[in-house]
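Here the protein sequences line up with chains A and B, keeping their order. One point on numbering: in numbering that gives the first Met the number 0, the residue at position 48 of the first sequence is 47, and numbering is uninterrupted. One point on numbering: in numbering that gives the first Met the number 0, the residue at position 458 of the second sequence is 457, and numbering is uninterrupted.
Read the hints as simulated data drawn from the structure, not as lab findings. Errors might be hidden in some of the hints.
Where chains are identical, the list cannot tell them apart; a pair therefore holds if satisfied intra-copy or between any two copies.
[As the list claims (entries may be wrong)] Here are the simulated lysine-lysine pairs, DSS-like style, with alpha carbons at most 27 Å apart:
no.: 1; residue 1: K237; residue 2: K447
no.: 2; residue 1: K311; residue 2: K209
no.: 3; residue 1: K43; residue 2: K407
no.: 4; residue 1: K493; residue 2: K447
2 protein chains.
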Amino acid sequence: MPSAAGRGQGPERDRRPESGEQPAADDYAKERYGVSSMIQSQEKPDRVLVRIKDLTEEKADEVVWVRGRIHTSRAKGKQCFLVLRQQQFNIQALVAVGQHASKQMVKFAANINKESIVDVEGVVRKAHQKIGGCTQQDVELHVQKIYVISLAEPRLPLQLDDAVRPEVEGEEVKTLHPQICFNISTSTSQAVFCLQSGICQLFRETLIRKGFVEIQTPKIISAASEGGANVFTVSYFKSSAYLAQSPQLYKQMCICADFEKVFCVGPVFRAEDSNTHRHLTEFVGLDIEMAFNYHYHEVVDEIADTMVQIFKGLQERFQTEIQTVNKQFPCEPFKFLEPTLRLEYREGVAMLREAGVEMGDEDDLSTPNEKLLGRLVKEKYDTDFYILDKYPLAVRPFYTMPDPVNPKNSNSYDMFMRGEEILSGAQRIHDPQLLTERAQHHGIDLEKIKAYIDSFRFGAPPHAGGGIGLERVTMLYLGLHNVRQTSMFPRDPKRLTP
Amino acid sequence: MPSAAGRGQGPERDRRPESGEQPAADDYAKERYGVSSMIQSQEKPDRVLVRIKDLTEEKADEVVWVRGRIHTSRAKGKQCFLVLRQQQFNIQALVAVGQHASKQMVKFAANINKESIVDVEGVVRKAHQKIGGCTQQDVELHVQKIYVISLAEPRLPLQLDDAVRPEVEGEEVKTLHPQICFNISTSTSQAVFCLQSGICQLFRETLIRKGFVEIQTPKIISAASEGGANVFTVSYFKSSAYLAQSPQLYKQMCICADFEKVFCVGPVFRAEDSNTHRHLTEFVGLDIEMAFNYHYHEVVDEIADTMVQIFKGLQERFQTEIQTVNKQFPCEPFKFLEPTLRLEYREGVAMLREAGVEMGDEDDLSTPNEKLLGRLVKEKYDTDFYILDKYPLAVRPFYTMPDPVNPKNSNSYDMFMRGEEILSGAQRIHDPQLLTERAQHHGIDLEKIKAYIDSFRFGAPPHAGGGIGLERVTMLYLGLHNVRQTSMFPRDPKRLTP
Chain A
0 MPSAAGRGQG PERDRRPESG EQPAADDYAK ERYGVSSMIQ SQEKPDRVLV RIKDLTEEKA
60 DEVVWVRGRI HTSRAKGKQC FLVLRQQQFN IQALVAVGQH ASKQMVKFAA NINKESIVDV
120 EGVVRKAHQK IGGCTQQDVE LHVQKIYVIS LAEPRLPLQL DDAVRPEVEG EEVKTLHPQI
180 CFNISTSTSQ AVFCLQSGIC QLFRETLIRK GFVEIQTPKI ISAASEGGAN VFTVSYFKSS
240 AYLAQSPQLY KQMCICADFE KVFCVGPVFR AEDSNTHRHL TEFVGLDIEM AFNYHYHEVV
300 DEIADTMVQI FKGLQERFQT EIQTVNKQFP CEPFKFLEPT LRLEYREGVA MLREAGVEMG
360 DEDDLSTPNE KLLGRLVKEK YDTDFYILDK YPLAVRPFYT MPDPVNPKNS NSYDMFMRGE
420 EILSGAQRIH DPQLLTERAQ HHGIDLEKIK AYIDSFRFGA PPHAGGGIGL ERVTMLYLGL
480 HNVRQTSMFP RDPKRLTP
Chain B
0 MPSAAGRGQG PERDRRPESG EQPAADDYAK ERYGVSSMIQ SQEKPDRVLV RIKDLTEEKA
60 DEVVWVRGRI HTSRAKGKQC FLVLRQQQFN IQALVAVGQH ASKQMVKFAA NINKESIVDV
120 EGVVRKAHQK IGGCTQQDVE LHVQKIYVIS LAEPRLPLQL DDAVRPEVEG EEVKTLHPQI
180 CFNISTSTSQ AVFCLQSGIC QLFRETLIRK GFVEIQTPKI ISAASEGGAN VFTVSYFKSS
240 AYLAQSPQLY KQMCICADFE KVFCVGPVFR AEDSNTHRHL TEFVGLDIEM AFNYHYHEVV
300 DEIADTMVQI FKGLQERFQT EIQTVNKQFP CEPFKFLEPT LRLEYREGVA MLREAGVEMG
360 DEDDLSTPNE KLLGRLVKEK YDTDFYILDK YPLAVRPFYT MPDPVNPKNS NSYDMFMRGE
420 EILSGAQRIH DPQLLTERAQ HHGIDLEKIK AYIDSFRFGA PPHAGGGIGL ERVTMLYLGL
480 HNVRQTSMFP RDPKRLTP
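For reference, chain A alone in the conformation it holds in the complex:
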């Protein structure tokens, strides 16, 4: 057990809280509080630390040890009220002059800097009335011992309570604080990132159940595919290389090597100077590629079902997190259909025209039109998730398979959540001759994509796939407004730290 006297077996140092007091010799409670020496794994005590979320009326009158942060503290005569926080949960703790605590001990407790981590021994007591502002409303902790485990500096860069006040309509999205630890410490952020972890888990769980194999694709590559725009350059020993803008080539090579169904989860790099609410220079791609038998809709159906399984899993397993986020960012629950709604591009264009938008058959969708179409689809079909199929060939990359019926269309699709694109995908051309023709049509230097085209020379199954942006899925599922809220350490043209 860490010694309470501040002079453990670790290196000798001054561990006195700036405005706190170490116990004095004539204090009858002097063994019951203090600053522990740094935990350097000196001992293995058999003390059990109870989780704050488990402190309920069932534990009334038990003596427990708890580790938490000082969320708030308020001294009042011979008493000090602390709120102890542990992740999304908190409890009120009372230090009062009496048998266990001396006047000095109460003063010590009151002076511990906020955010410091403490070990507290206390008796769980039923509260006389509900304790507002705490997640554990029915009990409080009557403190018998309190030791500082890690002392926070007295001047915090921001107050956590300020960071989680509900969003006001029209107000600008709060900029991220440079001391990002605080940004990810709020109960909202804890919930956002637990849910994001859940999205990855559900994505992989579902695909592994469907017989997919996870692959690892390289991020440092020798040639920028698709012509080389928007790509970061890396110094590679005496030469140079690029950061992969997509794992697509590698997914396709695995398909050519008969892996049949593959997925990968990893960083994707885009050197676009875009400063919007939904662009990052580095984001996490959830990528799928799959050989099919006769029609790329076999793949579209698998991807759409994977998204549906994710939505269902989030509903079932992450209600607490969704509600925590909703407190700060109120939002309608995410709606989806089963099976997923699939519209053709021309149908989407028709709906937009009906709503007064002027656009040509082969024009791409602008961001405002995407959002408008999302609202129109929601009104008509009552879903926040749908597929737009058969994009004009002209607006898609050269490797997209042309539609066999109408050569102006293509076997390609986007998927949308709350009116914003989260996935782009297509049947890929698996025939080297057609691929060459299409690359030439796009004015791409064949020499630069020779390795790509050569991948298909030794028998390639027809295949399709797509890439999903993780941060966008998290943002749109939760109805947040900026992708920086769903990236722990966002990267954009102006932001490289921490």
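Keeping the supplied structure of chain A fixed, place chain B upon it in accordance with the hints.
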């Protein structure tokens, strides 16, 4: 259904096999074979394709459709024997002149280039004797129709059968073929990478069950921690940045933000000019970080148990893959103890000295000594997996927590599989004052690691963690000899493609 006449709805092109024949008008079987037009998702036929691995005696006398690659073909009078391959499985198929097949059809089948993908309709027949060289030994397929779906070029860069012949003792590890699709198409590679996918799955499954949260950490970073050696530089708009050598700082920030238990899976970049059997410039890191209560062994035990769960899961779920790899690379089954053997560094040094090695108490382990120690441990304790704990402080990074009893030691550990290091980890210093002292001792510029040290100023729980190299775990579990065999697209100082 794709038309057999080679003139589907797709772009008009010559799809004739180089040495094959399209059906002639006077051929009674002319509808039963040919080169299909490119599958462009023209139709959604309700044809069911049966998996080759499911073709067993139970299916005898059924008519089935199968898609596979021409693995080998051998014409013999009025018959042609094909071996059709699908992933790790294959079956013999017979095209013989008769009611269904004409002389021309047999000739067509015999002339299809190897590795081409074909759709075959055939009757499953019991074989009169076991068919050697095929995984489906008890049945063969009597072909009634055969259509080429994707034609391979006639000159293959290597023969798959050559690539999987058993390793000969002392022979140099085969260099990877530049046409890597073939390198990852072999049954051995299929098995290696399926098992690797399983390692990732078991790693995450186990940690999520233990209450860990998956995090995503940035790969483009503004400052090279640990002083800046061996780091790749990236052009970042008008400035420059680095590729992360480890997610450690970010894992630790999550611990400071009370995530308590986190893990991540992602690429790690090391600009080391090392050309060894176990170094890559880009590899996949399985990283863990965890707050503990009083002793870092709480974390060591969790990590070791995670490895044990992986080993057990591989044994249970991947026997087929292990056996497939063993055919080419024979190897003793991987042995481990439960709980995992943990030796102190000084015990390891004593064992080495007893075996004649001369080394000082604070010397680091050389690679040959690591391997020797692995053999000694295996002899004495009969395990291929163990932990070496309490490394000398002098050989570990500045952020390693010193041992509280012997200041020349540290709270750090490595884990070994078959005598090679797969994980390096430690209790980290969570106190900014001690961290500053240790950085100064190592001569590190404090200005460059200010953000790192500042992360611990607002209360930091004691924590420990470690990073595992995925490719090494796969290599050592399977007893392979080069980490390039367990990376689909390996990167080293001399290799950036494909």
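Results for each hint:
1. K237 x K447: both (21 Å within a copy, 26 Å between copies)
2. K311 x K209: both (16 Å within a copy, 23 Å between copies)
3. K43 x K407: between (71 Å within a copy, 21 Å between copies)
4. K493 x K447: between (31 Å within a copy, 20 Å between copies)
The structure meets every hint from the earlier list without exception.
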